[in-house]
Each structure stands twice: as structure tokens, then as C-alpha cells.
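J.: First to last, the sequence lines map onto chains A and B.
Residue numbers for the first sequence follow the numbering used here, so the first one is 1 and each next one is one higher.
Residue numbers for the second sequence follow the numbering used here, so the first one is 1 and each next one is one higher.
Rather than coming from a laboratory, the hints here were simulated on the basis of the structure.
Warning: the hint list may mix true and false statements.
To be verified - Here are the computed lysine-lysine pairs in the BS3-like style, where the Cα-Cα straight-line distance is at most 25 Å:
no.	chain 1	residue 1	chain 2	residue 2
1	B	Lys604	A	Lys80
2	A	Lys11	B	Lys524
3	A	Lys5	B	Lys524
4	A	Lys4	B	Lys604
5	B	Lys604	B	Lys296
6	A	Lys5	B	Lys370
7	B	Lys298	B	Lys106
8	B	Lys593	A	Lys4
9	A	Lys4	B	Lys524
10	A	Lys80	B	Lys593
11	A	Lys11	B	Lys604
12	B	Lys283	B	Lys370
13	A	Lys70	B	Lys283
14	A	Lys11	B	Lys593
15	B	Lys298	A	Lys70
16	A	Lys5	B	Lys604
Computed from a prediction, not measured in an experiment: that's the story for all the values here.
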Amino acid sequence: MSSKKEQHWAKTRSLTFTVLAVWAIFSFVIHWAGEGLNSPSFPGAYFMAGMGSQIAFAILVFWFASRQNKIDEEFGLEEK
Amino acid sequence: MIRLEGGFVANLGKVYGLYTLGFLGFVILMGILEAAGVENTIIGWMFVAFTVLIYALIGVLSRTMESDQYYVAGREVPAVYNGMATAADWMSGASFIAMAGGIYLKGYPYMAFLVGWTGGYVLVASLIAPYLRKFGAYTVPDFIGTRYGGNLARFCAVIILVVASFTYVTAQINGTGTVAARALQIPFELGVWIGLAGILFCSMLGGMRAVTWTQVAQYIVLIVAYLIPVFWMSNKLGYGLIPHLAQFEAVGRVQELESILGVGTLMPTAEAQAAAGGLAALKVGINDASEGFMEKWKFFTLVLCMMAGTASLPHVLMRYFTTDSVRNARKSVGWSLLFICGLYLTAPALATFTKLSLLDPNVATSIIGKSVSEVTNLEWIQQWSNVGFLKVVDGNGDGIVQINEFFMRGDIVVLATPEMAGLPYVISGLVAAGGLAAAMSTADGLLLAIANALSHDLYYKIIDPKADTKTRLIVARILLVCIGAAGAFVASLKLTSILGAVAWAFCFANSGLFFPLVLGVWWKRANRAGAIAGMVGGFGAGAWYLYMVQFAGMTPWMGIDGLRFGMIGMPVSLVLMIVVSLMTEEPDAETQKMVDEIRIPSGKVVSGN
Chain A
1 MSSKKEQHWA KTRSLTFTVL AVWAIFSFVI HWAGEGLNSP SFPGAYFMAG
51 MGSQIAFAIL VFWFASRQNK IDEEFGLEEK
Chain B
1 MIRLEGGFVA NLGKVYGLYT LGFLGFVILM GILEAAGVEN TIIGWMFVAF
51 TVLIYALIGV LSRTMESDQY YVAGREVPAV YNGMATAADW MSGASFIAMA
101 GGIYLKGYPY MAFLVGWTGG YVLVASLIAP YLRKFGAYTV PDFIGTRYGG
151 NLARFCAVII LVVASFTYVT AQINGTGTVA ARALQIPFEL GVWIGLAGIL
201 FCSMLGGMRA VTWTQVAQYI VLIVAYLIPV FWMSNKLGYG LIPHLAQFEA
251 VGRVQELESI LGVGTLMPTA EAQAAAGGLA ALKVGINDAS EGFMEKWKFF
301 TLVLCMMAGT ASLPHVLMRY FTTDSVRNAR KSVGWSLLFI CGLYLTAPAL
351 ATFTKLSLLD PNVATSIIGK SVSEVTNLEW IQQWSNVGFL KVVDGNGDGI
401 VQINEFFMRG DIVVLATPEM AGLPYVISGL VAAGGLAAAM STADGLLLAI
451 ANALSHDLYY KIIDPKADTK TRLIVARILL VCIGAAGAFV ASLKLTSILG
501 AVAWAFCFAN SGLFFPLVLG VWWKRANRAG AIAGMVGGFG AGAWYLYMVQ
551 FAGMTPWMGI DGLRFGMIGM PVSLVLMIVV SLMTEEPDAE TQKMVDEIRI
601 PSGKVVSGN
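Chain B with its partners taken away, still in its complex shape (with noise of 0.2 Å):
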């Protein structure tokens, strides 16, 4: 191992950029194996595993003993690096596998989770990172647990941050499952428990460092991954260099085609629609933005929905609890953002060209009013069929593929780009890596998130105040494998879609911990009992309205469906607590003042760790 002048995080700047030059390196060497006749399936091997590797790797050099490094990384991590580990740890397999996917199939109102998911950083940066970061928590109970002080709003802080991340988390290993499947050519079950081995090995003996240095690995990956396919589409399809400027004129020829196409117009069949099963066909325009009061409204809900729970999933917001100073948390959201935004913006191009290359009939690769045998010999629309992830249903029996006989899967807009669109396998290979690494990140964080609160505020702070930290740490170490198991086996069971799970997650966090944490630091009359009955009640409404919606068979009351189902447990929640707050007693001095000294950068951390 090369020993580094200054330590490992003086060194940031040549670690990372001798890594990211190592692996376009590789990438390049993919490309000539390719070319040398090395089979596919190989090349699949070599992607996942040279970068799993990669991680292991970290993870394992990583390691440590100290509860310091183990929860909070030392708090020593800078604000660039955090900026790009949180986003790594933010964007998960539904943001890489299934945002392109969403905007191209369910058009401008999927744009309402862009919104949502970036706006939620500007609550984060004001309302809430830059105290909890004074606060010196370890996590996001600990804080909610100190503030009000006692072991049951600990304790309920716990529970709504478990069944939150719990799942988001099964989601994450349910698209490592996916991608190692796919790539290894093994069955979906093994992948998921795979994904899992590669997951624990980069945080089990390292905790948060681990955590952070590896994210920080996986973000490069991923990023690279998502943009290549992007810029080689526009360039393909001569709309231009930057993908970003070009997909202006690019929206507007998609915009002509859909109106010629009948998109909104002519929606499948309901024959045709049971034979896809599944699957959907293409019935929302890119562009056509909302009208009326209630697609207005349900643009609104869930934009906002997704911002609340943004700025209340603790897997986030501990990220903020690493840098070194309150000063740097401000900064880091920002770089945060930025990183996102390397996606995020990238994402409507993505669904935007692969619009183009399907529909435009001056395009080679379009398939739209090509006869359906033609289109059903195609090598990937054959590979990507045999899989369940499109098909073909010749609804009015007349040989020709119309707009209302294409069904697919949102995911394969991202996965089946590159063949979609000629592009050779390695390219294949290094997206299936960037899945990989997005999922595998965002897993690590939300089981180190649970694992860390089980271990510090259950067992630690109410269970055995007494342990010694080596106890603890193991603790938290059996924990995280349990954990990270039984987040398998429901990941392998397949029970939801991998967005309606991760939708869920959102809601549970601001239903139950968003006005808690945002009053605690802004309403110091803010009580134990108020915060209590806010958590519960905000919680319960919430997790209520979703059986009622989703299982139950009610209505959705106002178009809150079981994605928007915080727009009822926040309110409750907010209600609540300022209601039992003003009928209880105020906080004791103690107490206020603690919430003074949150409020200036200045001084030590506020909680004994």
C-alpha cells in the first residue's frame, strides 16, 4: 500500500483522479478486448467485478475501531468530497435505472420527482443540516432524542427512520439484483444476495468512512456511465455536441412527432393492453405540461411530498453530520446539488433522444410505422422481449407498428440504450456498471443509516448506556449484516416496483420526521410531547391513508394517491405538534439554551459524542 504524505485526506485530489484515469483506462481496454473478439458475457464479468472489487477494496482499507471514524467519518471529510459521496448515496438504482424511463413514458408530470428531488436540498441547506451538524449528532434520533429529551421520542424517531429507509433499502438490493443478474447472466436471487455481499464488504468495517470514501468511487463511476451513451446519442442523431443545449430543437421535432404519431390520441387497445400485460405503451407527450386545477395540483403534491422527504431521510442527512465544520455542511449541500444536477439534468435528454431514436422515421433505429416483423427481428428487441422488458402487440391486425403497439418497461430506456442505439457492448457494460454502483451506493447508506440507529440510540442510549464502544461497534456490525439480510430476502420476494417503493420512503420520512426536526431547531417552545405526539400522529395518518389507498381499494381523496400520501401526514403532523406543544408545559432552561447554541456556528458540538 503507497503511503500518502499528509494522510489519505490530504491526498484527496491525486487518489480520485488517478482513480478516475484508472478506470476510463479500463473502460478503454474493454473497448479493445471487444474488438479483439473477447465474447460479451465476459466483458460483463470483467465490469462488475473489477469495480465491485474496486469498492471491497476501500471498504476494507477503511476499516476502523473508533466510533468516530465508524459513525460520523471523523468529521474530517471535505465539502466537495461529501457534495459527491451524498450524491452517490442520494441517487439510487430508481434514479440511474428509472428516471430516463419515466420521463419518456409518463411524459412532463414524472418531471414533478426532478423538482422534488433537488428543491429538497435548499430545506436541507436552510432549515436543517447546518444545526444538526452543530448538534454533533451521530444520527438523526440522537438529535430528536436530545432535543426533547427522553427515551420514547427517541425511541419513535427509530422506528419512523427504519420503516423509511427499510423501504427505500429492499428497493436498492432489488436493482442490484437486477444488474448483477442481468450483467453475470445469473438468476435474479443469487444477484440480490451477491449485491448484497458486495454492499456489506464496503461498509461492515469501516461504517460511515468506508461508506464515504467508496461512494465517492461510486459517483465517479456512475456519472460516467450515465453521460457517455447521452453525448454519443446527440452526436449520433446530429443534433449536436452538448446533449444539454441540443435537446431544445431536439423536444420540438418530438413534440411534431408525437401529435403525427397520436400520442394522447390513440391508446392501445384493451386486448392489446392484457396481452402486454404490464407493460405500457407510450400515451403522455414530453412536453405537455399541466392544464387544468388537477394536474396543476398533483404536479404540486408531489413536488412537494418529494422535497419534505428529502430534507427528513436520516441516509441524507447524516452525510451533513461528516465535514468539518458547520460552515462546510452549508457549502456541501450545494456541492450535493451540483453532482445531482449531473444527472438529473441529463435525464430529460436521455428520455428526449431515445424519443428520437424510436420515433423519428428519418432514423435508422425507429421502429414506429415499420412493419412488426421487421421490428420483432431486431437482435435487442428480441434480447430485451425474451427478458419481459418489452413487447410487440399488433392490436388492429394490420402489420405495422403503430405508437399504441410498442409496450415496454420504463427501465430499459436507460439499460437498452446502447443497443438501441448501435452502440458496441462495452458501453453495455460500463451502464450495467453505473446501475450497479448507484444502487450499491445509495444500499450502503440506508443500511448504515438503520444499523447505526439500532446500534446508537437503542442499544447504546437506551438499551446498555454502559456498553463500551468496542461493544458497540460490534453491535452495530451484527446489526448491519442482519439488516442488510432480511433487506435480501423481501428484496427477493419482488414485492413492489422499485418507484412506488422508493415513493413510499419519502412519505414516511416527512410524514413522521419532518416537522420534529425542522421545529426543533426553528420553535424552541417546541416540547417532548408535542415532537411525541407529531412523530405518532404524522406517522400513523400518513402509513393509515396508504393501506386505506393502496390496499384497501378507497378512493384517493383530491388525487392523493399512494405516492403523495404525506400531503396527509404532514399536516397532522405539523397540527399536532404545535397544538400538544402549546398545551403542554415549554421546555426547561436547559433545553432552550441548547437550541441557542444549535443556532451559531461558533463553539463546540452540542451533544456529548
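Same shape as in the complex, but just chain A (with noise of 0.2 Å):
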């Protein structure tokens, strides 16, 4: 019963810092760039703080949520 539990917690836990990971890196990693995003081309630093870190955000919350579901589902700890 515990050991269920702990494996639940441990792949939650995993699944917690991959999402981050990919947080940071929309957050922090790419804006470090800063002009280094701009190309005579395309306005890229305009548009990863303006548009392309948010729509990454939306879509890796929805991941996640769908992600957890399915450990949740995995361990049979989800809501009934």
C-alpha cells in the first residue's frame, strides 16, 4: 500500500521537475539570449517574450495536467 503511494509520489516527482525544467528554460534561458533572438528577418526577441514563452506555457500545463492523469490513473489513485 505504501510502496504504491511512494512510486506515485516518486513518478509525480519526476514528472514536477521535467516540467520545470522546460519552465526555466522559457522563462529564464531564452530571454538571457536577449537581441541575440533578433534577426534582420524577424523580431525574435519581440516575439518569444511577447507571444512564443506564453503559448510554450499554455501548452505545457495542459501536458502536464494530462501527464499526471495518467500516473494517477497508472497507480489507481485517481479520483473516483
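Both chains come to you apart, so use the hints to assemble them.
T.: Here it is as C-alpha cells:
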């Protein structure tokens, strides 16, 4: 019983770390490039700060929700 | 009143679909009335009166005397609607009125707010919201108080919540006052109290239940009001049907114009700036991205502070207590983010197209490069100069308006766009209704967060645990009115600008609450002494630093100014919490078991509520 919960938590934790890693890339790493994202043909810095990161975050949250549901179901710990 | 088969919640799609059609119909009717020669003032009045009456009606219909309904809307709000309500709760007068103007005036560095205020939801979804939903709290201090045990921890959380939320709510009431004053042509102070009356009508009788359903209605109004002018402008300027896609070409053109006109090089003269007072000229280009370490560091710190603040602000977190399951709490965060993106992804486009309308000499509405007398004779320039929102100062006396001679307040980018671009007045009325909806919905959420913490955590849990439900709910309502009145009073003093107060609220919240909340779920070893040390130390250090930088004239350390003082508060909070927890005894077996329960979705809610 408790080991099932422990495994569930271990998987939940690693999913969360994955999510946070992607989150950190779109929050900090990309914007650290700053002016480096701009090219003569496309305003990359403007795009990433004004649109790209936000879209990535929204996709990330929905992806996280569906992955976490699968983990919960795998261990029979979802809400009945 | 129409009776719906299966109750209100089962028919949400129908109800809000009809509501949206009704609202669009109302906008069209106003357009027809305008064409028929009805005065602008009357149209402004109709917009404000019609929308506020609808919100108040929803508020009255949602009245309740059950504590589950009052505090968490009966925990039956579907994920999508909770997402919509959260978006309205979240997007304040500052998002609606000030954000596009901020991007316009402050360029790329300002977009750190856009990244921070959306990425914070990743933290909400992955670290906090589902676990707090499983815990089953009524309020955020309720979680802190039960997880760490003892009245002191609960009390500290209540104090931080009140300081952070109160800082924020005065800015919102200020926002409702500003919009009401302009739309209704009444004095600002009166506007503040009228705004407050509207806000209280929405929340007082039905608590969270009423606020939820009015916030959904307010989201619909605010998003319609924000999008229509931008679409209109993008098409009018000939850049394309969808502004979000058309903006990139427009940015190229704006950058071209900025370098020709000398944005960033042609600074206002000292005398001109003195004559313009608090108004600002355009000094930063829209895509002048960070280059040096300091610029990158400032972008990074602002993003981080706004994100951690998002994940610790109680009025946002408590929205996820109202979903019908843990599963839907997670999904609901995704919906919130999507609905928020509806406005946030549009703000840069609005800023860019406004720049084109004003700077591009090929566009009829442009003003830079025209003669001063011609510009100051424009009707919208005169109107907004009269209320002190903009000023033309001919610094070099050549009779031509240069980029460093046009001063404005960022707010007019949203508020004046319809007049600037020559759109009919009905659009101005719509924008006013949208700004009012944004400020009211946030104020409602904040006032409720404060009043609920005081009535549930301070009064019921600490002062009088034997109080019956009826007394508790009456206390909650009295507190709501008192706090609202206090907020309106402070707002009428006009102490800070809208944005300053908003950024402070985020930093107060993350300094004091972020780590106690996150570690409460993620670190079983965290105990009462550690949490109290983390809250008091983090909040204290942050508040001290803010005072030193903002009021005592200290030079900001490492560029950490008053907008970013969470960079001081958060590390102090984290270190203190870990060190003190490790130095004191680990939490008892019962608490550890409770944390285990929070971590799995199945089973009953953990708290006794």
C-alpha cells in the first residue's frame, strides 16, 4: 500500500521536475539571449517575450495535466 | 426568473452564450443610437450602467447562507468556467489599461511582465494548486495553519495576505474610480465610491459563488472590449486581418521609424521634461532587447518575482479551491492561462499598432513630424491634454513635433485608441466598460480573499471557534464592507501609481508565502518553527528593503529596485525556513500523514471543512 503511494509520488516528482525544466528554459534561458534572438528578417526577441513563451506555458500546463492524470490512473489513485 | 432544467451549473453554456449574444446586441444597439445622434455622454452612461447592473443582478441571484457556497462556490465550478473566472480575477485594471501603454513607452524590458504573469501559472499548476485543492482549504492561511499547526503560523499568513492583497486592491478601486469618473463625467472621489458599491453588490450576498459567476460575465465583457479595437486598427492600417500575425511585419516598420525619428537617442530636454511633469516621452524602442549583463539580469529578476508572486497570491490560489476535483483544478490552470493569453498576446500588438498610428508619416493619424499647431488642434489631443494625460512641449522651438516633445501617460494607449484611430464613440464606451470589468473583477477577488481570511482564519479559527455558520457568514460580510470602505478611502488619497502598487503586492506575497506554501507540500520535514521563521523573515526582509529603496533613499543593490524586492525577501525566506526547520524537531506523524494524503488525488479532502 505505502509503496504504491511512494512510487506514485516518485513519478509525480520526476514529472514535476521535467515541467520545471521546460518552464525554466522558456522563462529564463531563452530571454537571457535577449538581442541575440533578433535577426534582420524576424523580431525574435519581441516574438518570444510577447507571444512565444506564453504559448509554450499554456501547452506545458495542459501537457502536465494529462501526464499527471495518467500517472494517477496507473496507480489507481485518481478520483473516483 | 427562468428555471433551468438540471440547475444553473448544468446550463452554463446556454446561460453565458445568451449573455454574450445579449452583450453584442447591446453594443450594436448603442452603435445605432450613436448613428441616430444620441449624445456621447449618454452612451457612456448606458455602457457603465448596463454592465454593472448585470453584475449586480448575478451577485444578488447567487446569494447564499451556506458556508461551502460562500467560501468555495460549493466546489462545483467546471474547469473551463473556473479558468475564465480566474482570468478575470487575475487581469486587473493594470493589465487592461496599463499593459499595452507600458509596452509602448518602456519597450522590450516591460515585456518581462508578460512572461512573468503567464509563466507563474506553470508553478501554480505543478507545485501548488492541485495539492491545495485536495487539502480542501477555504483560504490560503487555512492551509498554512493546518499544515504547520498552531495559531501563530495561521496568523502570520493572514497578515501577509492582508498586506499583499490590500496593496493590490487599492490600485483596483483606484482603477474603477478612474474609469467611472471618465465615462460618467463625475469627480474621481465619487467614482471611487460608486465603483466600490458595484464591487460589493457582486460579492456581499453570495461570496465566492457570486464572485465566480460575475467574474465569468466580466471576462466576456473585458475580452470583447480589448480585442475589437485592435482588430479594427490592424485592418484599418492595412497590415492584415489577424493583428497577432500581422504585428511582426508592423514591428519591422516601427523599428525603422524609431531609428529615423531618434527613439533612444533624441532625449527630452530638461526644461521640456519639467514642463511635462510626470508624463513621459518615448525613449525605448519596442524591440530593443537586452544586451549587457545588467539588462538581462533586470529582465530575469522581474520575471522571477512576478512568477513567484503569481503562485503565492491568495486571491488567485483560492480560485482553484472551487473546482469539482483535483484533476479539474490542474486542467483549470491551463484554461486560465489560455483565457489570460487572449488579452496578453494582444497587448504587444496593440502597442505596436498604436506606435504606427502615431509615428508613421504615411498614416493619416500620425502626429510626429507635423506642426505643433496642427497637432494641438486635434480633438483627441485637446481632450486628453485637458485631463492631464498628454502634453506637447516644443522643446527646441522649431514648431514641429519631434519624438522627444510628445509626452503622455501610458494609460491612454488603451483608453484613447478609439479616438486616436478615429473609431466611433461606441468603441470608447465599450473600452470603458471593459476597463471597469477588469478592475471590478480583480477587486472583488481581492476583497473576498481578505475578508474570508479575517472571518474564517482570524475570527472563526482563532477568536471564536464555537461560532455557528450564520454568525460566521454575517461577520464575513461585515468585514467585506469595512475592508472595501477602507480600500476606497486609501484609493481616494491617490498615493501610488497603479503599476507600482501592483508589483509591490506580488513581492509582498512571494517574500512571505511562496516557500511556506511550496515546501508545505514538497518537503515533509518543514515544520511550524521553520514556516514561521520563513514567513516573518522573508516578509520582514522584503518590506525593510522596499522601505530603504523607495523611501529612505538607499541605492538599489544589483539593480534590485522597488519592483523586484522579492529578490531579497525570497532567499531570506527559503534559507530561514530550511535552517530553522532542520534545527527543530520534525513534524509529528499525523502531519506527515496529512502531507501524504495531499499528494494523491483520490480520497476525501484532508481538512475538516
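J.: Now tell me if each hint is right for this structure.
T.: Here's how the hints hold up against the structure:
no.: 1; hint: B:Lys604 to A:Lys80; result: holds, 11 Å
no.: 2; hint: A:Lys11 to B:Lys524; result: holds, 17 Å
no.: 3; hint: A:Lys5 to B:Lys524; result: holds, 15 Å
no.: 4; hint: A:Lys4 to B:Lys604; result: holds, 18 Å
no.: 5; hint: B:Lys604 to B:Lys296; result: violated, 46 Å
no.: 6; hint: A:Lys5 to B:Lys370; result: violated, 71 Å
no.: 7; hint: B:Lys298 to B:Lys106; result: holds, 13 Å
no.: 8; hint: B:Lys593 to A:Lys4; result: holds, 15 Å
no.: 9; hint: A:Lys4 to B:Lys524; result: holds, 18 Å
no.: 10; hint: A:Lys80 to B:Lys593; result: holds, 21 Å
no.: 11; hint: A:Lys11 to B:Lys604; result: holds, 22 Å
no.: 12; hint: B:Lys283 to B:Lys370; result: holds, 19 Å
no.: 13; hint: A:Lys70 to B:Lys283; result: violated, 51 Å
no.: 14; hint: A:Lys11 to B:Lys593; result: holds, 19 Å
no.: 15; hint: B:Lys298 to A:Lys70; result: violated, 39 Å
no.: 16; hint: A:Lys5 to B:Lys604; result: holds, 16 Å
The structure is inconsistent with the numbered hints 5, 6, 13 and 15, although it conforms to all the rest.
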